[in-house]
Amino acid sequence: MDMPIDIQHQQMGYDRTATMFTPEGHLLQVEYAEKTVRLGSSSIALSCSDGVLILADKRIDDKLIVPESAQKIYEIDSHLISSIAGIVSDARVLIDKAQVLSQQNRLTYDSPIEPELIIKEISNIKQQFTQYGGARPFGVSMMVAGIQDNKPRVFTSDITGNYFEYFANAIG
Amino acid sequence: MDMPIDIQHQQMGYDRTATMFTPEGHLLQVEYAEKTVRLGSSSIALSCSDGVLILADKRIDDKLIVPESAQKIYEIDSHLISSIAGIVSDARVLIDKAQVLSQQNRLTYDSPIEPELIIKEISNIKQQFTQYGGARPFGVSMMVAGIQDNKPRVFTSDITGNYFEYFANAIG
Amino acid sequence: MDMPIDIQHQQMGYDRTATMFTPEGHLLQVEYAEKTVRLGSSSIALSCSDGVLILADKRIDDKLIVPESAQKIYEIDSHLISSIAGIVSDARVLIDKAQVLSQQNRLTYDSPIEPELIIKEISNIKQQFTQYGGARPFGVSMMVAGIQDNKPRVFTSDITGNYFEYFANAIG
Amino acid sequence: MDMPIDIQHQQMGYDRTATMFTPEGHLLQVEYAEKTVRLGSSSIALSCSDGVLILADKRIDDKLIVPESAQKIYEIDSHLISSIAGIVSDARVLIDKAQVLSQQNRLTYDSPIEPELIIKEISNIKQQFTQYGGARPFGVSMMVAGIQDNKPRVFTSDITGNYFEYFANAIG
Amino acid sequence: MDMPIDIQHQQMGYDRTATMFTPEGHLLQVEYAEKTVRLGSSSIALSCSDGVLILADKRIDDKLIVPESAQKIYEIDSHLISSIAGIVSDARVLIDKAQVLSQQNRLTYDSPIEPELIIKEISNIKQQFTQYGGARPFGVSMMVAGIQDNKPRVFTSDITGNYFEYFANAIG
Amino acid sequence: MDMPIDIQHQQMGYDRTATMFTPEGHLLQVEYAEKTVRLGSSSIALSCSDGVLILADKRIDDKLIVPESAQKIYEIDSHLISSIAGIVSDARVLIDKAQVLSQQNRLTYDSPIEPELIIKEISNIKQQFTQYGGARPFGVSMMVAGIQDNKPRVFTSDITGNYFEYFANAIG
Amino acid sequence: MDMPIDIQHQQMGYDRTATMFTPEGHLLQVEYAEKTVRLGSSSIALSCSDGVLILADKRIDDKLIVPESAQKIYEIDSHLISSIAGIVSDARVLIDKAQVLSQQNRLTYDSPIEPELIIKEISNIKQQFTQYGGARPFGVSMMVAGIQDNKPRVFTSDITGNYFEYFANAIG
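Chains as they are written, first to last, in my numbering: chain F, 0 to 171; chain P, 0 to 171; chain E, 0 to 171; chain X, 0 to 171; chain Y, 0 to 171; chain S, 0 to 171; chain B, 0 to 171.
By construction, these hints were calculated from the structure, which means they are not laboratory data.
Worth double-checking, as some hints may not be accurate.
What the hints assert, rightly or not - Example chain P residues on the side facing chain E (calculated, C-beta under 8 angstroms, incomplete):
id	residue
1	GLN9
2	TYR31
3	SER68
Said to hold, decoys possible - To give a feel for the contact side, a few chain Y residues facing chain S, derived at Cβ under 7 angstroms:
id	residue
4	GLN28
5	TYR31
6	LEU63
Said to hold, decoys possible - Label pairs and their in silico Cβ distance ranges:
id	chain 1	residue 1	chain 2	residue 2	range
7	E	LEU106	P	GLN7	29 to 35 angstroms
8	F	GLN102	B	GLN7	55 to 61 angstroms
9	E	ASN123	F	LYS62	36 to 42 angstroms
10	F	SER110	P	ILE6	55 to 61 angstroms
11	Y	LEU106	E	LEU106	32 to 38 angstroms
12	F	SER110	E	GLY12	43 to 49 angstroms
13	Y	SER41	X	SER77	40 to 46 angstroms
Only a predicted model underlies this, so the values are computations on that prediction, with no experimental measurement involved.
Built from N, CA and C at the ideal position, the CB exists for glycine as well.
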């Protein structure tokens, strides 16, 4: 077989479910979902000395769309904003969960939730969808930017549910 | 392999379940369901200065059908109407859910539900059917038009569960 | 590939489960189930000025069958009759549900159920069997004819769970 | 493809699960189960003016079998007998259910159950096994003969869960 | 295709699950399980005028096995013995259930259980494993011999869950 | 087809799930799991006049492993030891269950559990994993050696959940 | 077939689910997951006379990542640290469980948890994901180093859920 390894793996079906490793130890469905993220429009987050900044490309071609409805920047809480790249309806599910988590934190502890706790919970949900069968991974990268103890924090979670803190980061 | 990429993907089975990404990051079953929408008859929604307007093509060829029964415009609540394109029986399920949501809002808050809340809940249901296995996506696009605080609002939700607000929009 | 599109789709397996769209947006298992309906014997329903009429072809070849037991016209309630085309045992399940619904309406509201409510509930059940996996669609078209506020009404529900009101209609 | 349509459908796998329609609208697994019935030994039921009669071919080749244990005629209740053709262990499950239903009727209403109610319940169970996945259809035809209001009644239920009343009938 | 029908059916996959009928109405997985029974060592049961007798071939080649531990004759109750042919660990599950049933009968009715009731319950369990998916049939034939009202009774249950009473019988 | 029967069965897929019989009545996944046992390092058990003895080959090549942590002989209770061959992590699950069973016996009956009861419960668990789908068989043979009423007893349970008592036995 | 045995097994599909043994008794999906571990960056653990030491290669190429957020050494409890190689988001799930177990031990017994108890519970979770279907194995090796009774202990758990104690060990 002289075919490139990619084509071989596709023909042998290693890329048909998210719960199958290739002989080299890759999860191809997860890698394909990362392509979905790159198909989306871009967002940039910056951690500045006096706050956080997110820039997002709305990329609306249709002039009949009400621009405000094509938002790419979501308010999770008064101290937390987020942007995404990838499948917008998948992202909305995660943003909804983040908003609920944030309100629960305020009710339980009477204090704003830490940005890292939000990104960790979101990332844990994403991880589950790469390990259990019967569903596909979330096709979305997500940035959360916020203020914690007067300090700016910027986090990005990828498809696999891995996340890092960044000084500055771009997705999409 | 000199075949077009579409045929290749069909032959390799990337389009057999809604929960599988192609190597390029597409969800083919979802794209096929969008074809179903385009096979349906058209509806047009307009947001006017003093209200909202939905026009729908009933497309009844059978003169023995009672025309009123072939409605394409549904009343969700006294301030909310809707039209759809695609599989009519799928749409009916979603319209039923919208009507229940609307009544629950009146009972709980004693006020008409916001049009965006309806379209968001409907879109969240649609999103689930593109992510979890064991069922097919809803084969229907849905427009919701209504009045909120004396202002006209028009929303359209696509197959993936993504939605926008429009000044004017056509589906089907 | 010079084969007709039908044969191609069969060979590529788009017609193996009810929950799979073809690249053109069709649900082939549902279309095949419609063939089952056409294999059945015919029924005709008419909405007349002073009532409703259903004619059904029993098509009994076996003279040893007690003719009354091969009924094709079912009484759902004293103001509602029904006929079907397709798999008779599938239809019996739906007729049973219609009879229970009808009695529940009398118990709850002390009034006869509206014919459209019956056909809508039956159609919603059918729709589910075209969207969720693990079962096959109901192989049956069903006509419900009845009296509502002294006016005759005739409805027919197809395989997909879509329904219309008719002045007159034939199935099978 | 010049192969007969039967062979084509077998090669394309339309006959692998009970929940799949062929392009012509047939359910092949159900038709195969009917072959199982014809492989069984025969039973004949007659509705006479003063009672019902069932004749069954035990077909015991093994002289070491105690003949009484190879019964093909089952007593469901004092007014109801039954015979079957097909997979005997499948039939025993259905006979057990019929006996329980019959006793429940006596306990609840203090009267013998109507023969048609028995055959209808048995047939409803059979229908489910032709519509839902994860199990195979019951490989058995079943005759129920009994007395209702001093009148003889004979019913036969086929593989699909369809049933008729007969003046006389043979299965197997 | 000039291949024998057996090979054809194997190649077409009719023998891959216990819940699939062949075009001739056979259940091949069940027939294969019967081969497992014939691979086991033999047992013989006799109904004598003054009791029952079971002879079983232990077939132990390994002299380091403690002979008593390789028993092929099981005591279900003081009036009931059993022997099996096929997969010994499958049989142990059924013997365990028989012992529990027997003790429950003594507790509930203060009398020894009838041998036929034991073989019927065991056979009903076996039948389920030939009809429902997600498991394989029990690979075991089972003889139950016992005393009822001072009379000897010998029963044998096959793979399908069918059973007969015998004057004398051999399995394996 | 001139291929050996092994290769034929592999190509026809009879060895893909533990719940499928071959045409000859074998369970190939179970037989493959037995190969796993033989890949493991060996253990020998002896029933002596004054006690039981288990010898196990730890086979540690890595000098950085703390030897005590590579134990192959497990204490189930003060009168019961065990050794295994095959997948060590599978064995640990079974040893854990054996330890719990043993403690429950002491709590309930205030006496040491009989060695055969332990091996029987472990074997019943193993049997289930060869009959039900959705999991693989335990890839482990297990010896249990202990004292009962001052007499030494040695038992070995194989992959299928079958077990014997031995004077002496080796696994792996 | 002159292909190497690896390629043969891949073509015959023995490596498609984690719950299938090859004819040689291997679990290929588990072996592939071990490749994933080797793709990760390395960690080294040492058991010293006066404590434990873990060194981990963070391998951050992106200078915009906040270095502290790319930690590879996790604190499970004040006496327990851990490092991992493989899929970082999988590891986070296991670290979370370890932290909860550790706190539960302090609450229940008012004492620090033993390091071996942590590694055993984590390994039991991993074992389950190699035996039950519907999910993939955890793609992560995990080292746990800690102090027990003033003595240093270092444990490593591999993909299969097997673990050893080490004087010193490297993963990745």
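Structure-based check of each hint:
1. Against a cut-off of 8 angstroms between C-beta atoms, the interface hint on GLN9/P holds, since the closest Cβ of chain E lies about 6 angstroms away.
2. Using the Cβ-Cβ criterion of 8 angstroms, the hint placing TYR31/P at the interface with chain E is satisfied: the shortest such distance is roughly 4 angstroms.
3. At its closest, the beta carbon of SER68/P sits 3 angstroms from a beta carbon of chain E; the interface hint therefore holds under the 8 angstroms criterion.
4. Because the beta carbon of GLN28/Y sits about 6 angstroms from the nearest beta carbon in chain S, less than 7 angstroms, this interface hint is met.
5. The beta carbon of TYR31/Y is positioned within 7 angstroms of a beta carbon in chain S (closest approach about 4 angstroms), and the interface hint is therefore held.
6. Of the supplied interface hints, the one on LEU63/Y holds, with its beta-carbon coming within about 5 angstroms of a beta-carbon of chain S, less than 7 angstroms.
7. Distance hint for LEU106/E and GLN7/P: a CB-CB separation of about 59 angstroms, inconsistent with the stated range 29 to 35 angstroms.
8. Taking 55 to 61 angstroms as the suggested C-beta distance range, the pair GLN102/F and GLN7/B conforms, at roughly 56 angstroms.
9. The beta-carbon spacing between ASN123/E and LYS62/F, approximately 39 angstroms, falls within the hinted interval of 36 to 42 angstroms.
10. Taking 55 to 61 angstroms as the suggested C-beta distance range, the pair SER110/F and ILE6/P conforms, at roughly 57 angstroms.
11. Between LEU106/Y and LEU106/E the beta carbons are some 43 angstroms apart, a value that contradicts the proposed interval 32 to 38 angstroms.
12. One distance hint, 43 to 49 angstroms for the beta-carbon pair SER110/F and GLY12/E, is violated here, with the actual separation near 55 angstroms.
13. At roughly 43 angstroms, the beta-carbon separation of SER41/Y and SER77/X lies within the given 40 to 46 angstroms, and the hint holds.
In summary, the numbered hints that this structure violates are 7, 11 and 12.
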